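Each chain, letter by letter, is given below.
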Amino acid sequence: MTDSTSSVSPLDLDESKKTFLDANELILNMGPQHPATHGVLRVILRLDGEKVLGLECVIGYLHRGVEKIAEHRTYTMFNPYVDRMDYVAAVSNGLGYCEAVEKLLNVEAPPRANYIRVILTELNRLASHQLWLGTHALDIGAMTPLFYTFRDREEILKIFEKYCGARLTTHAFRIGGCQYETYEGFEKDVKKFVAFVAPKIDEYEELLTTNRIWVERTKNVGTISAKDCIAYGVTGPVLRASGVKWDIRKAQPYAAYSKFDFEVPTGQNGDTYDRYLVRMAEMRQSLRIIQQAIDGIPEGPIMAKVSKVMKPPVGEIYHSIEAPKGELGYFIVSDGSTQPYRVRVRPPSFVNLQALDLMCRGQLVADVIAVIGTLDIVLGEVDR
Amino acid sequence: MPDETKSPAPPPEGGPKSAAETPVPSGATASSPSPAPPATPPVAAAEKLAAAAAPKPPAPAKPVGPVPVAWESALVAKLKGQFGSGVEALTYLGQNSLQVDRSLIPNILQILRDEEQFDYCVDVTAVHYPKRERQFDVLWILYSFARNERVRVKTQIAEGEHIPSAVSIWPTANWLEREAYDMFGIQFDGHPELKRILLPDGWKGHPLRKDYGIIEQDSEWVQINLGIESGQ
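Here the protein sequences come in this chain order: A and B. Counted the way my numbering counts, the first sequence spans residues 1 to 384. Counted the way my numbering counts, the second sequence spans residues 385 to 616.
These aren't lab readings, by the way, just hints derived from the structure by calculation. As the structure is a prediction and not an experimental result, all values here were calculated from the model. We put the beta carbon where it would ideally sit given N, CA and C, even for glycine. Warning: the hint list may mix true and false statements.
As the list claims (entries may be wrong) - With a straight-line Cα cutoff of 30 Å, these simulated DSS-like cross-link-like pairs (lysine-lysine) come out:
id, chain 1, residue 1, chain 2, residue 2
1, A, 191, A, 245
2, B, 579, A, 51
3, B, 579, B, 515
4, B, 462, A, 68
5, A, 191, A, 162
6, A, 227, B, 594
7, B, 538, A, 68
8, B, 515, A, 227
9, A, 245, A, 219
10, A, 68, B, 594
11, A, 250, A, 219
12, A, 200, A, 259
13, A, 68, B, 515
14, A, 250, A, 188
15, B, 594, A, 250
16, A, 308, B, 594
17, A, 311, B, 594
18, A, 259, B, 462
19, A, 200, A, 250
20, A, 200, A, 162
21, A, 227, B, 538
22, A, 192, A, 259
23, A, 162, A, 227
24, A, 311, B, 588
25, B, 462, B, 515
26, A, 158, A, 51
27, A, 245, A, 259
28, A, 305, A, 250
29, A, 219, A, 51
30, A, 192, A, 250
31, A, 311, B, 579
As the list claims (entries may be wrong) - Quick list of simulated restraints, FRET-style, between CB atoms:
id, chain 1, residue 1, chain 2, residue 2, range
32, A, 58, B, 595, 26 to 34 Å
33, A, 188, B, 514, 51 to 59 Å
34, A, 263, B, 451, 49 to 57 Å
35, A, 33, B, 596, 25 to 33 Å
Could you put together the complete structure from these sequences and hints?
Here it is, written out as structure tokens:
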């Protein structure tokens, strides 16, 4: 693998090593305050004219020490904190954490709770992809999609708000199941939303898929091969756009995903355009899952029997889910007390961002913006 | 475990404590203050006690739960054949892990990728146990696309001990090792550029160590670079 994997040597920023009067190379600092970095990401670019020779990411501006906080909170108290990592997909974060602790406690959420979880998580995936599409298109110069996607995303946030009172950092799930039963009219709202948003996805595609400017700006930009994706641990839509049909919902199903019929869309070229197509297809698959879940939602309890004071037996567990950005994993070590001994979060954004250097080499400066957008990173999750 | 100690001791065992508290039909305690017929009540009491204790026993049985068991597979047999006692394989809650001797780390990781198809390094991280002689657990969480299987490789190292870097095996280990270095101060030999990643370069201390307090900070760095008394 090493022979074909493009090796990326660390960026040499030492000014003294450069020859005097070398007018070709230029160091350009982008961020941390930059509208296209989606948060506070600093990128140091080494350029030859407009061509990127290499880049280095400087991260950590949003570091809050989430993993340290976890060691000083009980299992229940830490639950809302995970929503603050990937704050545009808070429901996914919560699902991963709750399921990991449930595994450690050896309890299982009841079927109805699992269906509610799937519905809310898929709605959240849709919301996350809509936000990605709007901002990504805006970065590249298409302003209209932003208004369309935010208008439609609002409907999802309204459902969240009616369900649990919060729109973004929802804290929707509890260890052992769900805190809240669905509100009256939940099923009607979700069905109405699915019928409402399906044609809207076609509308987004009408704006972009065959738009010449969009195609020129995204095709063959930020290409990454399947081999490189695996070597760099890149997961989620980025991996799938490079042709690897791998989704944790299928490979190692969790919650109620094994009960639903859906496809894992893939691309071939691994470029920005294919990643766009994969995410558009994923939105439609999410709708399919939501439709099936809402039709087949069983009656029953929504909370498993979990004691109020949680003391998981001594041991460790790794559990991961398919978050909108890729593999989101929790590694939890229990020492038998009420507080976790160690919580490690394996964030998809952090690992995917590492491939930015590889994807941008040889591209133009303007393409760096496109590649940051297509990686769909959230700095809150990168830095934790 | 705590439930076991809380539940009343079953009467038939007749330890010194239960003998003193409950009337037992024996010659020594026959002159106890109970005035009722000597034979029947103690039996009834014992039965009553047994009945009261009966619903309890399942309680201690439940929290025992899953325990790590030996993990047997062709992969483990192969590694054990090659490396002998340096490898210990366990399964806990359906998850497989390999406890490996520190000196075997580069070889085992290389074999897992080249021969056993563990081509995706999910995570590299560490856990700090300050009371142990070898204070750190370093972990590699691996996944194989071909086998759809996960495995955790673990090793223990002491404070100041170095560990070979896995960047040449999986490029993704680069940032993950930098984070482990940043948070725990673990030195990875052969890493192309081992420096802090989340905290600023000049920061002192490694915050995920257990002896680093939750509100502790490098106040000198904060004062010089931020120009404020405290970052809190």
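Comparing the hints with the structure gives:
1. Of the supplied pair hints, the one linking residue 191(A) and residue 245(A) holds, its CA atoms being roughly 29 Å apart against a limit of 30 Å.
2. Note on residue 579(B) and residue 51(A): the hinted pairing holds, with a Cα-Cα distance of about 27 Å set against a maximum of 30 Å.
3. At roughly 27 Å between alpha-carbon atoms, residue 579(B) and residue 515(B) fall within 30 Å of each other, so this suggested pair holds.
4. Taken as a hint, the residue 462(B) and residue 68(A) pair is broken in the structure, with Cα atoms around 38 Å apart against an allowance of 30 Å.
5. Proximity of residue 191(A) to residue 162(A) is assessed by CA-CA distance (about 15 Å); at most 30 Å being required, the pair is judged to hold.
6. Under the criterion of a C-alpha separation no larger than 30 Å, the hint pairing residue 227(A) with residue 594(B) is inconsistent with the structure, at around 38 Å.
7. Straight-line distance between C-alpha atoms of residue 538(B) and residue 68(A) comes to about 21 Å, which keeps the hinted pair within the 30 Å bound.
8. Only pairs whose Cα atoms come within 30 Å are accepted, and residue 515(B) paired with residue 227(A) is rejected, the gap being roughly 42 Å.
9. A hinted pair counts as satisfied when its Cα atoms are at most 30 Å apart, and residue 245(A) with residue 219(A) qualifies at roughly 21 Å.
10. Annotation: proposed proximity of residue 68(A) to residue 594(B) holds, straight-line Cα distance about 9 Å (limit 30 Å).
11. Between residue 250(A) and residue 219(A) the CA atoms are separated by roughly 29 Å; this keeps the pair inside 30 Å, and the hint holds.
12. For the hint linking residue 200(A) to residue 259(A), the alpha-carbon distance of about 27 Å falls within 30 Å, and the restraint holds.
13. Our distance criterion of 30 Å between C-alpha atoms is met by residue 68(A) and residue 515(B), whose separation comes to about 18 Å.
14. A C-alpha spacing of about 28 Å is found between residue 250(A) and residue 188(A), which places the hinted pair at or below 30 Å, so the restraint holds.
15. For the suggested pair residue 594(B) and residue 250(A), the alpha carbons sit about 38 Å apart, so the restraint of at most 30 Å is broken.
16. Note on residue 308(A) and residue 594(B): the hinted pairing holds, with a Cα-Cα distance of about 26 Å set against a maximum of 30 Å.
17. At most 30 Å may separate the alpha-carbon atoms for a hinted pair to count; residue 311(A) and residue 594(B) meet this at roughly 20 Å.
18. For the given pair, residue 259(A) sits about 37 Å from residue 462(B) by alpha-carbon distance, which is inconsistent with the 30 Å threshold.
19. Restraint check for residue 200(A) and residue 250(A): satisfied, since their Cα atoms lie roughly 27 Å apart, inside the 30 Å limit.
20. The suggested pairing of residue 200(A) with residue 162(A) holds, with an alpha-carbon distance near 22 Å, which does not exceed 30 Å.
21. Between residue 227(A) and residue 538(B) the CA atoms are separated by roughly 26 Å; this keeps the pair inside 30 Å, and the hint holds.
22. Distance hint between residue 192(A) and residue 259(A) is fulfilled; the C-alpha atoms sit about 23 Å from each other, no more than 30 Å.
23. At most 30 Å may separate the alpha-carbon atoms for a hinted pair to count; residue 162(A) and residue 227(A) exceed this at roughly 44 Å.
24. Distance check on the hinted pair: residue 311(A) and residue 588(B) sit about 34 Å apart at the alpha-carbon level, beyond 30 Å; violated.
25. Restraint check for residue 462(B) and residue 515(B): the C-alpha separation of about 34 Å exceeds 30 Å, so the hint is violated.
26. Proximity of residue 158(A) to residue 51(A) is assessed by CA-CA distance (about 44 Å); at most 30 Å being required, the pair is judged violated.
27. Restraint check for residue 245(A) and residue 259(A): the C-alpha separation of about 19 Å stays at or below 30 Å, so the hint holds.
28. Pair hint residue 305(A) plus residue 250(A) holds up; C-alpha atoms about 28 Å apart against a cutoff of 30 Å.
29. Between residue 219(A) and residue 51(A), the direct Cα distance comes to roughly 17 Å. Compliance with the 30 Å bound is thereby established for this hinted pair.
30. Among the hinted pairs, residue 192(A) with residue 250(A) is consistent with the structure: their alpha-carbon atoms are about 27 Å apart, no more than 30 Å.
31. A C-alpha spacing of about 37 Å is found between residue 311(A) and residue 579(B), which places the hinted pair above 30 Å, so the restraint is violated.
32. Between residue 58(A) and residue 595(B) the Cβ separation comes to about 28 Å, which falls inside the hinted range of 26 to 34 Å.
33. Checked against the hint of 51 to 59 Å, the C-beta distance between residue 188(A) and residue 514(B) comes to roughly 55 Å, which is consistent with it.
34. The hinted range of 49 to 57 Å is not satisfied by residue 263(A) and residue 451(B), whose Cβ atoms lie roughly 40 Å apart.
35. For residue 33(A) and residue 596(B), the Cβ-Cβ distance of about 30 Å falls inside the hinted range of 25 to 33 Å, so the restraint holds.
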